[in-house]
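There are 2 protein chains.
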Amino acid sequence: MDKYLITGFSGFVSQHFIEYLSQQNTPCEILGVDINAPQFEWSNKKNIVCNFKYLNLLEKDEVTTVISDFKPNYILHLASYSSVASSWKNPVTSFVNNTNIFLNVVECVRLLEIDCRILSIGSSEEYGIVTTEDLPLVETKYPNPISPYAVARVSQEMLSEIYANSYNLNIVLTRSFNHIGPGQNDIFVVSSFAKKIIEIKKHISESNKIVVGNLNIIRDFLDVRDVVKAYYLLLKKGKKGEIYNICSGNGIKLKDVLLNMITIANIDATVEIDASLIRPADNAIIIGSNKKIQEHIGWENKINFTQSLEDILHFWDKKL
Amino acid sequence: MDKYLITGFSGFVSQHFIEYLSQQNTPCEILGVDINAPQFEWSNKKNIVCNFKYLNLLEKDEVTTVISDFKPNYILHLASYSSVASSWKNPVTSFVNNTNIFLNVVECVRLLEIDCRILSIGSSEEYGIVTTEDLPLVETKYPNPISPYAVARVSQEMLSEIYANSYNLNIVLTRSFNHIGPGQNDIFVVSSFAKKIIEIKKHISESNKIVVGNLNIIRDFLDVRDVVKAYYLLLKKGKKGEIYNICSGNGIKLKDVLLNMITIANIDATVEIDASLIRPADNAIIIGSNKKIQEHIGWENKINFTQSLEDILHFWDKKL
Numbered sequence: 024m025d026k027y028l029i030t031g032f033s034g035f036v037s038q039h040f041i042e043y044l045s046q047q048n049t050p051c052e053i054l055g056v057d058i059n060a061p062q063f064e065w066s067n068k069k070n071i072v073c074n075f076k077y078l079n080l081l082e083k084d085e086v087t088t089v090i091s092d093f094k095p096n097y098i099l100h101l102a103s104y105s106s107v108a109s110s111w112k113n114p115v116t117s118f119v120n121n122t123n124i125f126l127n128v129v130e131c132v133r134l135l136e137i138d139c140r141i142l143s144i145g146s147s148e149e150y151g152i153v154t155t156e157d158l159p160l161v162e163t164k165y166p167n168p169i170s171p172y173a174v175a176r177v178s179q180e181m182l183s184e185i186y187a188n189s190y191n192l193n194i195v196l197t198r199s200f201n202h203i204g205p206g207q208n209d210i211f212v213v214s215s216f217a218k219k220i221i222e223i224k225k226h227i228s229e230s231n232k233i234v235v236g237n238l239n240i241i242r243d244f245l246d247v248r249d250v251v252k253a254y255y256l257l258l259k260k261g262k263k264g265e266i267y268n269i270c271s272g273n274g275i276k277l278k279d280v281l282l283n284m285i286t287i288a289n290i291d292a293t294v295e296i297d298a299s300l301i302r303p304a305d306n307a308i309i310i311g312s313n314k315k316i317q318e319h320i321g322w323e324n325k326i327n328f329t330q331s332l333e334d335i336l337h338f339w340d341k342k343l
Numbered sequence: 024m025d026k027y028l029i030t031g032f033s034g035f036v037s038q039h040f041i042e043y044l045s046q047q048n049t050p051c052e053i054l055g056v057d058i059n060a061p062q063f064e065w066s067n068k069k070n071i072v073c074n075f076k077y078l079n080l081l082e083k084d085e086v087t088t089v090i091s092d093f094k095p096n097y098i099l100h101l102a103s104y105s106s107v108a109s110s111w112k113n114p115v116t117s118f119v120n121n122t123n124i125f126l127n128v129v130e131c132v133r134l135l136e137i138d139c140r141i142l143s144i145g146s147s148e149e150y151g152i153v154t155t156e157d158l159p160l161v162e163t164k165y166p167n168p169i170s171p172y173a174v175a176r177v178s179q180e181m182l183s184e185i186y187a188n189s190y191n192l193n194i195v196l197t198r199s200f201n202h203i204g205p206g207q208n209d210i211f212v213v214s215s216f217a218k219k220i221i222e223i224k225k226h227i228s229e230s231n232k233i234v235v236g237n238l239n240i241i242r243d244f245l246d247v248r249d250v251v252k253a254y255y256l257l258l259k260k261g262k263k264g265e266i267y268n269i270c271s272g273n274g275i276k277l278k279d280v281l282l283n284m285i286t287i288a289n290i291d292a293t294v295e296i297d298a299s300l301i302r303p304a305d306n307a308i309i310i311g312s313n314k315k316i317q318e319h320i321g322w323e324n325k326i327n328f329t330q331s332l333e334d335i336l337h338f339w340d341k342k343l
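Going down the list, the sequences are from chains D and Y.
Our numbering applies: residue 24 is where the first sequence begins, and numbers increase by one.
Our numbering applies: residue 24 is where the second sequence begins, and numbers increase by one.
Hints listed in this document are in silico derivations from the structure and should not be mistaken for laboratory results.
Fair warning: there could be bad hints in the mix.
As the list makes no split between identical chains, a pair holds if one copy fits it or if it spans any two.
Unchecked claim - Below are the DSS-like pairs computed for lysine-lysine, each with C-alpha atoms no more than 30 Å apart in a straight line: (1) Lys-262 <-> Lys-112; (2) Lys-260 <-> Lys-342; (3) Lys-26 <-> Lys-259; (4) Lys-112 <-> Lys-83; (5) Lys-112 <-> Lys-68; (6) Lys-83 <-> Lys-276; (7) Lys-26 <-> Lys-342; (8) Lys-164 <-> Lys-225; (9) Lys-263 <-> Lys-164; (10) Lys-314 <-> Lys-164; (11) Lys-314 <-> Lys-69.
Here the structure is a predicted model, which means the values were calculated and not measured.
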């Protein structure tokens, strides 16, 4: 029976990953680890024996104990301080809780000589500021990180390549583009828009004003349920040491995301720009190419963007 | 009076830097910090008021206290786990003691809003494997790190750029090529050759055999006394946010370094290759261009290579 160690278990992506695993009808065992308790139902999934354990990945000795006891076949390393905005405020916390936690995991696998495949999650933010000629971004494009978060992700990627190519660890790498979907924390922009819109709709909010940062950036958004399918297939069929973009191939302006959601929710709202929400540096446009992942493992995204927005609004509607 | 904070004070480069400062006839104050006590004379230098303090740069609160009390005008950040060979054995130690210590220093300067110039030391190892068409290496060439040490240095460089460009810290960056000279630890190749040669010459060694790793690699060696002059001039005149190669522009095969020293010392020796000393991955050739640093600050290297080798042998001759 396959054994999956999932770090960052209590986060947004994990709950969708175990949902996907459960649908595969192949019994498996999961050990989820996180510094926070999961806020979703995880103990009673079809085909899955799942346990949860509190673990701070900065505590190397504890990481060693957990990995040595569980002996996973797969490590899905989702743990990350993944907010770009927060990384500007807390650059050290961001760096340490991306790069150093990853380093502890792979070093432990190396020293224990555990035979397992590791998925190292990177980010489209690694590409940094690009020109329109660079679009769509392909994996051979050199990273040019411009935020503390992006630097941490590039560092993790460089370390992954050392561990895969020189220490011979079985690591597959991603550059995952902005993912959205039900259950995402509202420190992320699309989820925060949706929450605000539902607050207005339900008259929880005192005014119908939505305060925003830079709405002109273009991002390649992808539904988290498509993302977890890519993670599963990469764990099973990705090529060792290779980097894969996980993206839709389409760019959408943040302003259009907001207007779309306002239309779907059918509310009246005013939009106000708050200069303090504008970041010290930001990439104007990020659109990826998903040709490589399509060719190597046959993955493509299936959930259309409007469906994602409806589901996110529905999530907040139920929650608030 | 200018105040210099020197991290990694007890290392090889620092002693030459304070010697150089002492010769400038401009009174200044130095606070040297390190986890180890300096093994050289530092307290009685002309023109310099110098103090030493034990400090582990991983201890963020202590770093804050030291920087906030001393309020340096210049930080020469020499502290580094700088052996490529050791980084393969201890990748986590190497990473943390390069990247995380640097991050603690710059974050502290940012939060305390100390008005000081920081020299962030990088390495020619960042370039990684290059083709002959890439030579001589210029600063616009993208890093391609292939050792844990090199990854740490690229991470530090990326962080430096974020802190300089987005947080507006006054940071100048180097990519320093292999430096050699009297006083260097014998974990570094040229110093280890010299030590062994003097052991043979003085019959301290039982045999006349010198055990080596890969002698075919070509490196751009530079005398440490030229390096510290570059560091001084960059602190004074380098451009904020810019990266500077510090190199001779000449490549020398390691085999020739060894044979030259054997000739200078006038000994008989046999050379034996030990496969265990060959690294998992190594760059065959590294030669830099020093055009940029010449143009920006008028630095060029003055000490010829044979002189360096003679002085290194002399150092070990006195020491053993």
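Next item on the list: State whether the alpha carbon distance between Lys-112 and Lys-68 is at most 30 Å within one copy, between copies, both, or neither.
Entry: neither (38 Å within a copy, 42 Å between copies)
Next item on the list: Could you figure out if Lys-263 and Lys-164 sit no more than 30 Å apart (CA to CA) within one copy, between two copies, both or neither?
Entry: Classified as both: same-chain Cα gap 19 Å, cross-chain 27 Å, threshold 30 Å.
Next item on the list: Can you give me the call for Lys-83 and Lys-276, within, between, both or neither, at a CA distance of at most 30 Å?
Entry: neither (41 Å within a copy, 40 Å between copies)
Check: When no copy is specified for Lys-112 and Lys-83, does a C-alpha distance of 30 Å or less occur within a copy, between copies, both, or neither?
Finding: Both, since 26 Å and 17 Å are each at most 30 Å.
Notebook entry, point to check: Within a copy, between copies, both or neither: where do Lys-262 and Lys-112 come within 30 Å Cα-Cα?
Noted result: between (36 Å within a copy, 26 Å between copies)
Notebook entry, point to check: Between Lys-314 and Lys-69, at a C-alpha cutoff of 30 Å, which is it: within one copy, between copies, both, or neither?
Noted result: neither (33 Å within a copy, 65 Å between copies)
Next item on the list: Have a look at Lys-260 and Lys-342 and pick one of within, between, both or neither, based on CA distance no larger than 30 Å.
Entry: Neither way: Lys-260 and Lys-342 sit 37 Å apart in one copy and 58 Å across, limit 30 Å.
Notebook entry, point to check: How would you label the pair Lys-26, Lys-342 (within, between, both, or neither) given a Cα cut-off of 30 Å?
Noted result: neither (32 Å within a copy, 57 Å between copies)
Check: Should Lys-164 paired with Lys-225 be assigned to within, between, both, or neither, using CA atoms and 30 Å as the limit?
Finding: Classified as neither: same-chain Cα gap 45 Å, cross-chain 55 Å, threshold 30 Å.
Checklist line | Intra- versus inter-copy proximity for Lys-259 and Lys-26 (alpha-carbon distance at most 30 Å) | finding: within (13 Å within a copy, 57 Å between copies)
Check: 30 Å Cα cut-off: does Lys-314 pair with Lys-164 within a copy, between copies, both or neither?
Finding: So Lys-314 and Lys-164 pass the 30 Å test inside a copy (14 Å) and across (28 Å) alike.
Going through the hint list in order, the structure does not satisfy hints 2, 5, 6, 7, 8 and 11.
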